[in-house]
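In terms of this note's numbering, the sequence shown opens at residue 509 and continues consecutively.
Among the hints, a few may not be true.
With a cut-off of at most 30 angstroms between alpha-carbon atoms, the simulated DSS-like pairs for lysine-lysine come out as follows [stated by the list, open to error]:
id: 1; residue 1: Lys659; residue 2: Lys569
id: 2; residue 1: Lys575; residue 2: Lys659
id: 3; residue 1: Lys566; residue 2: Lys659
Ranges between beta-carbon positions, derived for each pair [stated by the list, open to error]:
id: 4; residue 1: Asn650; residue 2: Gly707; range: 35 to 43 angstroms
id: 5; residue 1: Asn556; residue 2: Ser667; range: 23 to 31 angstroms
id: 6; residue 1: Gly707; residue 2: Gly682; range: 19 to 27 angstroms
id: 7; residue 1: Gly682; residue 2: Gln584; range: 24 to 32 angstroms
id: 8; residue 1: Ala686; residue 2: Gly574; range: 37 to 45 angstroms
id: 9; residue 1: Asp637; residue 2: Gly588; range: 30 to 38 angstroms
id: 10; residue 1: Asp712; residue 2: Gly680; range: 32 to 40 angstroms
id: 11; residue 1: Thr706; residue 2: Lys567; range: 29 to 37 angstroms
id: 12; residue 1: Thr607; residue 2: Lys567; range: 17 to 25 angstroms
To be clear, the hints were calculated from the coordinates, so they are not data collected in a lab. Where is the CB? At the ideal position from N, CA and C, for every residue including glycine.
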Amino acid sequence: MHRHLLATVSSLALASTSFAGSHLWEFHEVFSNADGTVQFIELHILTNANGENFVAGKKIKSAATGKSFTFPANLQGPTGFKYLLLATSGFAALPGAPTPDYIIADNFFSTEGDTLTYHIYDTWVIGADQVPTECVSALNRNGTVTTNTPKNYPGVEGSVDACPPCEGDLDGSGAVDAGDIAMLLGAWGTRNDEADVTGDGIVDAADLSVVLGGWGSCE
509 MHRHLLATVS SLALASTSFA GSHLWEFHEV FSNADGTVQF IELHILTNAN
559 GENFVAGKKI KSAATGKSFT FPANLQGPTG FKYLLLATSG FAALPGAPTP
609 DYIIADNFFS TEGDTLTYHI YDTWVIGADQ VPTECVSALN RNGTVTTNTP
659 KNYPGVEGSV DACPPCEGDL DGSGAVDAGD IAMLLGAWGT RNDEADVTGD
709 GIVDAADLSV VLGGWGSCE
């Protein structure tokens, strides 16, 4: 009886071990701005597999840029339905960005077409110009383009705008320039909401100071 019990326990332990590893992580979502300084790569486990902790030493690679990232250590805790977020420092600094689990180099992958690999377990071939670069949309693994929804390992989800508006860009041209000064002066002394940068209820010297302070930015 004891032999039978021992054999059963051993079989269960072996079965449990066979399901542990890191092979179920898959690419889920990628995001980039136009110059590649704000990027993220998100991986996901689609099942309740809780033993996918052993990522240490495994790599994420870009065939187009030659850049790679090596996971420094194994993961802690259950992994079922979890996400891993790898992102650039520029992404991490944006409002609304969940804290990346790992920092990767700028321009880690190419937006003009790339092949991303995770160890020997997953490969994602991304077509030319398939990744949107208009600062809000992301490419999903199923090929759809949606608003970015990065999520990290602790489960914090967010959304970012990689091209925040320039403070003082009153006319929406993408730069603070003479056009904004002209718009501000044309609304001087009024309650024009678009020109009232400070939000104090009137277009005055305080608003002019903000515009002049941002002169030439965001070009």
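- Of the hints stated earlier, which fail here? Result: hints 7, 10 and 11 break, sorted rising.
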